[in-house]
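Visitor: Chain residues, written in single-letter form:
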Amino acid sequence: MTIPVEVLLTKKKTFERDPERLPEDFHEEVDRLEEEGEWVVQRVAGPYVEVPTRYGRPKKVQMGHLWHHKSCGQCGHIPGYSTSIFWVMRKLGLDYHDPRDQTSCTAWNYYASATSNAAAQAAVALRNFAAAQETGYFPLVHCGTSYGHYKEVREELIRHPELRAQVRAILAKLGKQMVMPEEIVHYSEWFYAMRHEIAARQVRSFEGIAVTVHPACHYYKLVEGDAIYDPDVYGGQRTAIVTGVAQALGAEVRSYSTWFDCCGFGFRHILVQRDFTRSFATRRKIEVMKEEADPDVVLTHDTGCVTTLDKSQFAARAHERNVGVPVMSEAQFAALAMGAHPYKVCQLHWHSADYRPLLEKMGIDWEQAWAEFQQDIKRLENGDIRYLTWEDVDA
Amino acid sequence: MAASALYKAPDVAGYGDVPYEEKARLFDLVKADLRYPDYLYGCYECGICVAVCPSARFYDFSPRRVAQAAAREDVELIYQQMQEDIWECSQCFSCLRCPRGNNPGGIITIMREVAVNNGLASAREALEGYSRIIYKIMSTGTQVSPDMLQPDAFPDWGPEVKDVSDNLDLWRRALPPETLHTTRTGWDVAPRTLVELYLIWFETGALDMIKGVDEGLHMILEEVMEERLEEEGVER
Ligand code: SF4
Ligand code: SF4
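Chain order of the listed sequences is A and B.
With the numbering used here, the residue at position 136 of the first sequence is 136, and numbering never jumps.
Here the numbering used here = 1-based position in the second sequence + 1000.
Any given hint could turn out to be false.
[Said to hold, decoys possible] Each computed DSS-like pair below joins lysine-lysine, with the alpha-carbon atoms no more than 27 Å apart:
no.	chain 1	residue 1	chain 2	residue 2
1	A	Lys378	B	Lys1211
2	A	Lys173	B	Lys1211
3	A	Lys361	A	Lys290
4	A	Lys60	A	Lys176
5	A	Lys11	A	Lys60
6	A	Lys361	A	Lys91
[Stated by the list, open to error] To give a feel for the contact side, a few chain A residues facing chain B, derived at Cβ under 8 Å:
no.	residue
7	Asp98
8	Trp108
9	Gly264
Calculated directly from the structure, the hints in this document are not laboratory data.
By construction, the Cβ of each residue, glycine as well, lies at the ideal position given by its N, Cα and C atoms.
Bound conformation, chain A alone (with noise of 0.2 Å):
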């Protein structure tokens, strides 16, 4: 007997949630932690912005005032993606922190090598949570996995009280208290949050563009419960988070078969067994969204996501397999939305995967684009100039 797929998937078009099973919520924990004076908890404060969750809860996402936790594979190989974000909050106006005394989260080794315990990724956890509410600035998670991870330890935290105890002595060693923030926030929960001020200041039309959604594992599966779903996207079955962005720019999403699909980065695999990533991110993604969409580029939404879909293809073309497709954060696609320019703002001459024709469609003259660059090189190569400022970056 054939399986009636239409069928199931009309009956599985839109997600109805059951209140009768709705689980725990963790802010209730949180808070009574709190009352039980075991931890600070640092607040939204300021303008924010509700948005839906996977169980229908409302997440709180500040607009402005921001700690930007940057992500160590952003800033090391992919900074168009950090800068992108950057700049779209000061084009809407908001203000931000951009700390020095932050660390990675040091997940990507942790997930990696397993060089590190539950102890010490707490502690780092907290310790960075501890310095965004020294500023006063409400922490904003760069990286997927950060974010994933960071959920993850507040969650052992709330479960463990030996755990608590011994992370509070380490922290009270480096003068810090134990802080967990109301709200664990990603960046793209921000721009999903923004995506319509966004929209409004779009300047280049994105009618005709079309894109494929990479979700990012560590976003909606680990920790599921306050990932971004919206009735309205997909129905709610899938994350919202990036497709939402997408469309408000006008763009054209494009489903494709394997979107549960991990991207194959693998942690240590991405590092030091990349023939697994190649042919994961070649075989399972890559070639299954030029089968089945052909978009104009792939958006997603985290570090690893975008190194190992952008930089698995220069080997499989050497295959002949059927790849060949830009790959960038939402990020960088918003900005270039916004007006950003290719080169000094989204650093797209940090990726791999041929972004030009992309740029084309978009109506942008991208070889002119890279000779304003290299003027700015020439300056900074003959001293006129130390570094590229915010100012030059939109003179």
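With chain A held as given, fit chain B with the ligands onto it using these hints.
Guide: For chain B with the ligands alone, coordinates are given in the frame of chain A:
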């Protein structure tokens, strides 16, 4: 012979056999992790975790087998998995789709930790070639830094990697955010912050975990950290 031998021959990976008591001790360490009861609630053996698992597609690997072995307390099989399987996991946590509420990927994280802590052959092998990354993360607080983008390390990433490394200093200075101008770390990290991080590695025993898998690296890291703490006048 244990039933586990049906899955894979123990001599494939070339690790030595150990007495049952030692295997049981290792499994006890896994079970002693405070997260373990949160990660395993029994197993339906339904295979949903396998269907969503990327590593299961490319390797002789299965999150179901891991959850099952743990649920059945199969000491022999757990040991075998710690030597042969755990490093194949991608730590994507797609397997959290488990209808039983298990976290096979999380169980694997714990098994890996025990493998590292006890210097198992699989851990030493898995971390070969990985030491410069551990050095980077533990000593600078950022795992990936721009200066790691050397074409000889990433020949399969295309000619753009060479462009980046050839132009690294200029291209970093062409980044408008002030914290991103550094080439040695992902961003500019304050000295005080590094001291705090080092204290965390010392206090939680994370630094000592390296000893069993790479003694040389452990010595270098310990020296770097102690020197820095001394410079900053911080006592442990
Ligand atoms: S975390 Fe590991 S076991 Fe689980 S789905 Fe991912 S690769 Fe498979
Ligand atoms: S999905 Fe869960 S219950 Fe099913 S086989 Fe995997 S671990 Fe067992």
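Visitor: With the threshold set at 27 Å, check whether the alpha-carbon distance from lysine 378 of chain A to lysine 1211 of chain B stays at or below it.
Guide: violated (48 Å)
Visitor: Between the alpha carbons of lysine 60 of chain A and lysine 176 of chain A, is the straight-line distance 27 Å or under?
Guide: Given that 27 Å is the threshold and the Cα spacing comes to 26 Å, the pair holds.
Visitor: Is lysine 361 of chain A close enough to lysine 91 of chain A, meaning Cα to Cα at most 27 Å?
Guide: Answer holds: lysine 361 of chain A to lysine 91 of chain A is near 24 Å, not above 27 Å.
Visitor: Would the pair lysine 11 of chain A and lysine 60 of chain A pass a check requiring their Cα atoms to be no farther apart than 27 Å?
Guide: violated (31 Å)
Visitor: Just to be careful: measuring from the Cβ of aspartate 98 of chain A to every Cβ in chain B, is the smallest value less than 8 Å?
Guide: holds (5 Å)
Visitor: If you take the shortest Cβ to Cβ gap from tryptophan 108 of chain A to chain B, is it below 8 Å?
Guide: holds (5 Å)
Visitor: Between lysine 173 of chain A and lysine 1211 of chain B, does the CA-CA distance stay at or below 27 Å?
Guide: Given pair lysine 173 of chain A, lysine 1211 of chain B holds - Cα atoms ~24 Å apart, limit 27 Å.
Visitor: For the restraint on glycine 264 of chain A, tell me whether the closest CB of chain B is nearer than 8 Å.
Guide: holds (6 Å)
Visitor: Take the C-alpha atoms of lysine 361 of chain A and lysine 290 of chain A, compute the straight-line distance between them, and say whether it is at most 27 Å.
Guide: Distance of about 17 Å is within 27 Å: holds.
Going down the numbered hints, you'll see the structure goes against 1 and 5, while the others check out.
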